[in-house]
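2 protein chains.
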Amino acid sequence: MRIFVDAMGGDNAPKEIVKGCIDAVNEYHVQLTLVGDETQIAQTLSLASYPKQLINILPSYSVINFNDEPVKAIREKKDSSIVIALEAAKKAGADSVVVSAGSTGALLAGGLFKLGRIKGIKRPALGTPIPTKNHITLLLDSGANADCKAEYLQQFAILGSIYYQNIYQQVNPKVALLNIGTETEKGNILTKEAFQLLSKTRAINFIGNIEARDIMNGKADIIVTDGFTGNIVLKQLEGLSNYLLNGLKQAILSSFRGKVGGALIQKDLQSFKHEFSSDEIGGAPFLGVRGGLIKAHGSSKAYAIKNAIKQAIAYMDRDIIAKIDNTINTNTDSIKF
Amino acid sequence: MRIFVDAMGGDNAPKEIVKGCIDAVNEYHVQLTLVGDETQIAQTLSLASYPKQLINILPSYSVINFNDEPVKAIREKKDSSIVIALEAAKKAGADSVVVSAGSTGALLAGGLFKLGRIKGIKRPALGTPIPTKNHITLLLDSGANADCKAEYLQQFAILGSIYYQNIYQQVNPKVALLNIGTETEKGNILTKEAFQLLSKTRAINFIGNIEARDIMNGKADIIVTDGFTGNIVLKQLEGLSNYLLNGLKQAILSSFRGKVGGALIQKDLQSFKHEFSSDEIGGAPFLGVRGGLIKAHGSSKAYAIKNAIKQAIAYMDRDIIAKIDNTINTNTDSIKF
Numbered sequence: 001m002r003i004f005v006d007a008m009g010g011d012n013a014p015k016e017i018v019k020g021c022i023d024a025v026n027e028y029h030v031q032l033t034l035v036g037d038e039t040q041i042a043q044t045l046s047l048a049s050y051p052k053q054l055i056n057i058l059p060s061y062s063v064i065n066f067n068d069e070p071v072k073a074i075r076e077k078k079d080s081s082i083v084i085a086l087e088a089a090k091k092a093g094a095d096s097v098v099v100s101a102g103s104t105g106a107l108l109a110g111g112l113f114k115l116g117r118i119k120g121i122k123r124p125a126l127g128t129p130i131p132t133k134n135h136i137t138l139l140l141d142s143g144a145n146a147d148c149k150a151e152y153l154q155q156f157a158i159l160g161s162i163y164y165q166n167i168y169q170q171v172n173p174k175v176a177l178l179n180i181g182t183e184t185e186k187g188n189i190l191t192k193e194a195f196q197l198l199s200k201t202r203a204i205n206f207i208g209n210i211e212a213r214d215i216m217n218g219k220a221d222i223i224v225t226d227g228f229t230g231n232i233v234l235k236q237l238e239g240l241s242n243y244l245l246n247g248l249k250q251a252i253l254s255s256f257r258g259k260v261g262g263a264l265i266q267k268d269l270q271s272f273k274h275e276f277s278s279d280e281i282g283g284a285p286f287l288g289v290r291g292g293l294i295k296a297h298g299s300s301k302a303y304a305i306k307n308a309i310k311q312a313i314a315y316m317d318r319d320i321i322a323k324i325d326n327t328i329n330t331n332t333d334s335i336k337f
Numbered sequence: 001m002r003i004f005v006d007a008m009g010g011d012n013a014p015k016e017i018v019k020g021c022i023d024a025v026n027e028y029h030v031q032l033t034l035v036g037d038e039t040q041i042a043q044t045l046s047l048a049s050y051p052k053q054l055i056n057i058l059p060s061y062s063v064i065n066f067n068d069e070p071v072k073a074i075r076e077k078k079d080s081s082i083v084i085a086l087e088a089a090k091k092a093g094a095d096s097v098v099v100s101a102g103s104t105g106a107l108l109a110g111g112l113f114k115l116g117r118i119k120g121i122k123r124p125a126l127g128t129p130i131p132t133k134n135h136i137t138l139l140l141d142s143g144a145n146a147d148c149k150a151e152y153l154q155q156f157a158i159l160g161s162i163y164y165q166n167i168y169q170q171v172n173p174k175v176a177l178l179n180i181g182t183e184t185e186k187g188n189i190l191t192k193e194a195f196q197l198l199s200k201t202r203a204i205n206f207i208g209n210i211e212a213r214d215i216m217n218g219k220a221d222i223i224v225t226d227g228f229t230g231n232i233v234l235k236q237l238e239g240l241s242n243y244l245l246n247g248l249k250q251a252i253l254s255s256f257r258g259k260v261g262g263a264l265i266q267k268d269l270q271s272f273k274h275e276f277s278s279d280e281i282g283g284a285p286f287l288g289v290r291g292g293l294i295k296a297h298g299s300s301k302a303y304a305i306k307n308a309i310k311q312a313i314a315y316m317d318r319d320i321i322a323k324i325d326n327t328i329n330t331n332t333d334s335i336k337f
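Just so you know, the protein sequences line up as chains V and D, in that order. In terms of the numbering used here, the first sequence is residues 1 to 337. In terms of the numbering used here, the second sequence is residues 1 to 337.
I should point out that these hints are in silico values taken from the structure, not numbers from a laboratory. Beta carbons are placed, not taken as given, at the ideal position from N, Cα and C, and that holds for glycine. Treat each hint with caution, since some may be false.
Claimed, not checked - Pair ranges (Cβ atoms, derived):
1. D/E185 - V/S254: 50 to 56 Å
2. V/D317 - D/I207: 44 to 50 Å
3. V/K149 - D/N67: 27 to 33 Å
4. V/R117 - D/G247: 37 to 43 Å
5. V/E183 - D/N246: 22 to 28 Å
6. D/N246 - V/K267: 15 to 21 Å
7. V/S299 - D/K267: 30 to 36 Å
As the list claims (entries may be wrong) - Away from chain D, derived, C-beta distances all over 12 Å, residues of chain V:
8. M1
9. R2
10. N12
11. D37
12. T39
13. Q40
14. Y50
15. I57
16. S62
17. Y168
18. D226
19. G227
20. Y243
21. Q270
22. M316
23. N329
To be verified - Derived pair list, reagent style SDA-like, types lysine to any residue, alpha-carbon separation capped at 25 Å:
24. D/K133 - V/N246
25. V/K186 - D/K133
26. V/K310 - V/E151
Start from the sequences and build out the full structure, keeping to the hints where you can.
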């Protein structure tokens, strides 16, 4: 197993990324390759205590930014941390994973170009784990494919089921289709067709349509949708949560009485926010590419990076790639993973 | 002007609907026709003080429920409050409005079948006013058309602009396209094409793409999208707000300290929730049908119904139907409304 961490990606790179790696090797005793600016990485490493032989550095000389055009950046910034990490992973074989908090677009484009698809996969999908009510719900595709066909959604359901069952150790995870009504006949052309296909796919545990108002109730383990809708849902989740929590804070701080009350609820509020935080649950896997690829949140600090690395270890330990390969290239009507 | 109110639609019908009507005639001195169960309506009316000549009853004998299949219900429940209200409005001419808190699906199907489209309108759209930061943002289509073409979205932008400018008295309202990135080239096939069309439509003030994370910031007056995505956004808004506010409440109530703090912030919390409430801003207009049709929220109480009636009055006073007709059937590249 080889784990490559893009030390230069995300808002807090490289310092927090490197710290997360140090915590990970101390806790999980795995070998990590950090890809990035050698001097900066070495500087943070030199301050820490950890088994030196577990971390090595693969130098890179540029960074792909969030505002770089993804496809162009992958093609042109050949010495960037993302490109060098992906190429090293490709060379190391399917038994390797890349973890990055960098540009999602560049990681998706790079993953597709550099790692390639697992045989039989029509479109790899980005699965984002969402902390829902006492639960984790995997939303896919959450942004890799803006235009989808029903058979892509069928594969997303299989990819998500394999991942969920193996990573979260849940037998027969429940798959729901994101739709504008719960009834069978509801939806647009795509979801109506996908509903029929999913109903016939015996390899998955399809529980029917789910409405957007029920995403947070934790009743589905996997929610399947096209990448356009999935991306809208994810970004609304982010925007609306911030809006509500900030609005609430401002309302409370607007009166003296509120300020006193606010101080008293601070602890409970923090624990609630913590429950709702994505730091706990690691990153989003890009499922269907040949090799592991975990996208950590751009705002990840050390703790979130450590969790993403934990997830990368599980990804390899539980042989997700081989299981996807076997399932997709066997009769999907009968197989169990 | 004729205003027909479906007295039987919604969770709190008929009592709260009738009360809202009483408040509306007392405040706005308009003539209302209440459609519904004569005995029940008369009972609530008999307890109130208002100018008796301003309210009359048009009897209906059944109700279309939220779980009735909309198209079938419109066809078969001919003596329902929705069908009778729509037919009466049709007969009364384009200078009439129907207000209902009943089944959205039935109102959309009924509006289309009974009232028909304004000449030149490809697809009428449901516009939902969302309370955003110090602002109201109109989201359309929020559920009438699950599958859309780019030219429908172009018309939605025009419909929304006419409505917004006239109802909220804002010159040159800003139109944004809901998309998965702010850059011009981002999106799925539909939004890429719609972006081009909207950019060329000189009748509107197109400000470009907006991401779902920015919906609540109030920077757009009108957000245009297909009815599938719009419905997902609306329902997520509802579900996530409830989830967050309830989760927060539970977290606070879980400790003694929190309970005391919670009591102190109660007032500020209420004022924040009030700001965020859709009761203030009336209902959702079904734009493009021949006649006014305002869908109030299913949970509407008297206050929300009164506001929906206020909106219906403005709809007619400001001649929205004629303005849509003129704009759509003239060169949309040069017209100002």
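Against the structure, the hints come out as follows:
1. Hint check: D/E185 to V/S254, Cβ distance near 42 Å, so the stated range 50 to 56 Å is violated.
2. The given range of 44 to 50 Å is respected by V/D317 and D/I207, whose C-beta atoms sit roughly 49 Å from each other.
3. Restraint check, V/K149 to D/N67: a C-beta distance of roughly 31 Å satisfies the suggested window 27 to 33 Å.
4. Checked against the given bound of 37 to 43 Å, the beta carbons of V/R117 and D/G247, roughly 39 Å apart, stay inside it.
5. The given range of 22 to 28 Å is respected by V/E183 and D/N246, whose C-beta atoms sit roughly 26 Å from each other.
6. Taking the beta carbon of each, D/N246 and V/K267 are about 19 Å apart, inside 15 to 21 Å as hinted.
7. For V/S299 paired with D/K267, a C-beta distance near 33 Å keeps the hint of 30 to 36 Å intact.
8. No Cβ of chain D comes within 12 Å of the Cβ of V/M1; the nearest lies about 34 Å off, and the non-interface call holds.
9. No Cβ of chain D approaches the Cβ of V/R2 within 12 Å, the least distance being about 32 Å, so the stated non-interface status holds.
10. Non-interface call for V/N12 relative to chain D: holds, since the shortest CB-CB distance, roughly 20 Å, exceeds 12 Å.
11. Once the 12 Å rule is applied to beta carbons, V/D37 is consistent with being away from chain D; the minimum gap is 28 Å.
12. Here V/T39 stays apart from chain D, with its beta-carbon at least about 34 Å from theirs, past the 12 Å limit.
13. The Cβ of V/Q40 sits about 30 Å from the closest Cβ of chain D, beyond the 12 Å cut-off, so the non-interface label holds.
14. Non-interface call for V/Y50 relative to chain D: holds, since the shortest CB-CB distance, roughly 36 Å, exceeds 12 Å.
15. Under the 12 Å C-beta cut-off, the non-interface status given to V/I57 relative to chain D holds; the minimum distance is some 33 Å.
16. Chain D leaves V/S62 outside its interface by the beta-carbon criterion, the shortest separation being 21 Å against a cut-off of 12 Å.
17. For V/Y168, the non-interface assignment is confirmed: its Cβ lies about 21 Å from the closest Cβ of chain D, beyond the 12 Å cut-off.
18. The claim that V/D226 lies off the interface is violated: its Cβ sits roughly 8 Å from the closest Cβ of chain D, which falls inside the 12 Å cut-off.
19. With 12 Å as the threshold on Cβ separation, the claim that V/G227 sits away from chain D is violated: the shortest Cβ distance comes to roughly 8 Å.
20. The Cβ of V/Y243 sits about 4 Å from the closest Cβ of chain D, inside the 12 Å cut-off, so the non-interface label is violated.
21. Against the 12 Å criterion, V/Q270 falls within the reach of chain D, whose nearest CB is about 9 Å from its own CB.
22. Even its closest Cβ contact with chain D, about 31 Å, leaves V/M316 beyond 12 Å, as expected for a residue assigned away from the interface.
23. Every Cβ of chain D is farther than 12 Å from the Cβ of V/N329; the closest lies at roughly 29 Å, confirming the non-interface assignment.
24. For the proposed pair D/K133 and V/N246, the alpha carbon gap of about 11 Å is at most 25 Å, so the pair holds.
25. Straight-line distance between C-alpha atoms of V/K186 and D/K133 comes to about 33 Å, which puts the hinted pair past the 25 Å bound.
26. At most 25 Å may separate the alpha-carbon atoms for a hinted pair to count; V/K310 and V/E151 exceed this at roughly 32 Å.
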